Amino acid sequence: MKKEIRPLEKIIDNVTGYKDSRLEAGTWVLENPENLEPLLHLAFNPAYPNHYKACWTIEIVCIQNLELLIPHLDYFIQNIKNLSHESAVRPISHCCLLLCQKQQFHLKESTTLFSEHQIELLIETCFDWLLQDTWVAAKAYAMRCLYFLGFRSNWVHEELTTILTQGYPTHSAGYKAAARDILKRLKRNSTVN
44 MKKEIRPLEK IIDNVTGYKD SRLEAGTWVL ENPENLEPLL HLAFNPAYPN HYKACWTIEI
104 VCIQNLELLI PHLDYFIQNI KNLSHESAVR PISHCCLLLC QKQQFHLKES TTLFSEHQIE
164 LLIETCFDWL LQDTWVAAKA YAMRCLYFLG FRSNWVHEEL TTILTQGYPT HSAGYKAAAR
224 DILKRLKRNS TVN
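Note that the sequence shown covers residues 44 to 236 in the numbering used here.
Keep in mind the hints are simulated off the structure, nothing from the lab. Hints should not be assumed to be uniformly reliable.
Heads up, simulated DSSO-like pairs for lysine-lysine below, C-alpha to C-alpha not over 30 angstroms straight-line [as the list claims (entries may be wrong)]:
id	residue 1	residue 2
1	Lys-219	Lys-230
2	Lys-219	Lys-124
3	Lys-62	Lys-124
4	Lys-145	Lys-219
5	Lys-230	Lys-145
6	Lys-145	Lys-227
7	Lys-230	Lys-62
8	Lys-62	Lys-219
9	Lys-124	Lys-145
10	Lys-124	Lys-53
11	Lys-62	Lys-145
Label pairs and their computed distance ranges (CB to CB) [to be verified]:
id	residue 1	residue 2	range
12	Lys-62	Ser-196	32 to 40 angstroms
13	Ser-64	Lys-219	30 to 38 angstroms
14	Ala-220	Pro-81	20 to 28 angstroms
15	Ser-233	Glu-80	14 to 22 angstroms
16	Pro-81	Ser-233	25 to 33 angstroms
17	Glu-201	Lys-53	30 to 38 angstroms
18	Phe-194	Tyr-61	30 to 38 angstroms
19	Lys-219	Gln-144	32 to 40 angstroms
20	Glu-67	Thr-234	25 to 33 angstroms
21	Asp-176	Asp-224	40 to 48 angstroms
22	Gln-147	Glu-201	16 to 24 angstroms
This structure is a prediction, so every number in the text was calculated from the model and none was measured. Heads up, the beta-carbon is just placed ideally off N, CA and C, and yes, glycines get one too.
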C-alpha cells in the first residue's frame with residue numbers, strides 16, 4: 044500500500060535551494076498557518092528525508108511573521124538540539140536569532156518571551172553550535188543569540204568572550220568578522236555596567 048503524501052509534504056518535497064522556491068513554500072504556510080505545527084514536526088523529524096527543506100521553510104515564515112512561531116516555542120526550543128544536518132541547523136539558528144532579538148525588545152518593555160527553562164535550552168544549544176564543527180553562518184547566528192541571551196544569564200557573556208577570543212585565530216574570515224562585532228559589543232557593555 045502506497046503512503047498518501049499530504050499537501051504540506053508535497054510542497055516541502057518540491058522545495059529547492061533557490062530563494063524563490065523557499066519563498067513560495069513559506070508563503071503557502073503563511074497563507075495556511077494551520078500547517079505550521081505539522082511543518083515543525085517534519086523539520087524536527089530526521090527520518091523525514093527533506094526535514095532540512097522544512098527548516099528552510101520555517102526560516103521564511105519566521106522572517107515574514109515571527110509571531111506565528113510563538114505558540115509553538117516549547118516544541119521548537121525542545122527540538123532544536125536534535126538537528127544535525129548542516130542545511131537544517133543554519134536556518135533554525137537564524138530563527139533562534141530572530142527570537143532572541145524579539146526577546147531583547149521584550150526585556151526593554153519588562154515582559155518576557157522565554158521561560159527560564161527555554162533560555163537554558165537555547166543557551167546550551169547555541170554554545171553547542173558555536174563549539175561544534177558547523178557552518179560559519181550557524182556559528183555567527185549562535186554567537187549573536189548568546190550575546191542577547193547573556194542579558195538574562197550573566198555568566199553567558201563571560202563564557203562567550205572566552206570562546207570567541209580563543210577561537211578567533213583558527214577560524215574563517217566570516218567567523219572573525221562576526222566575532223569581532225560581538226567582542227566589540229561585549230566590551231562596550233562591560234564599560235557601561
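Would you say the C-beta atoms of Ser-64 and Lys-219 sit inside 30 to 38 angstroms of each other? At 32 angstroms between Cβs, range holds.
Range first: 14 to 22 angstroms. Now tell me if the beta carbons of Ser-233 and Glu-80 are that far apart. violated (41 angstroms)
Using the Cβ atoms, figure out if Phe-194 sits within 30 to 38 angstroms of Tyr-61. Hint holds: Cβ distance 37 angstroms, inside 30 to 38 angstroms.
Does 20 to 28 angstroms hold as the CB distance between Ala-220 and Pro-81, or does it fail? This hint is violated: roughly 37 angstroms between Cβ atoms.
Given the hint of 32 to 40 angstroms, is the C-beta distance from Lys-62 to Ser-196 inside that range or not? holds (35 angstroms)
Pro-81 and Ser-233, beta-carbon distance inside 25 to 33 angstroms? Taking Cβ atoms as reference, Pro-81 and Ser-233 lie about 45 angstroms apart, which means the hint is violated.
Assess, step by step, whether the Cα of Lys-62 is no farther than 30 angstroms from the Cα of Lys-219, and give holds or violated. Measuring from Cα to Cα gives roughly 27 angstroms; hence the hint holds.
Given the proposed pairing of Lys-230 with Lys-145, does the C-alpha separation stay at or below 30 angstroms? Roughly 22 angstroms separates the two Cα atoms, so the pair holds.
Thr-234 and Glu-67 - C-beta distance against the hinted 25 to 33 angstroms: violated (47 angstroms)
Is the straight-line distance between the alpha-carbon of Lys-145 and that of Lys-219 30 angstroms or less? Holds: Lys-145 and Lys-219 sit about 25 angstroms apart, inside 30 angstroms.
Beta-carbon spacing of Lys-219 to Gln-144 - inside the hinted bounds 32 to 40 angstroms or not: violated (22 angstroms)
Are Lys-219 and Lys-230 close enough, with their CA atoms no more than 30 angstroms apart? holds (16 angstroms)
In this structure, the earlier hints numbered 7, 14, 15, 16, 17, 19, 20, 21 are contradicted, and the remaining ones agree with it.
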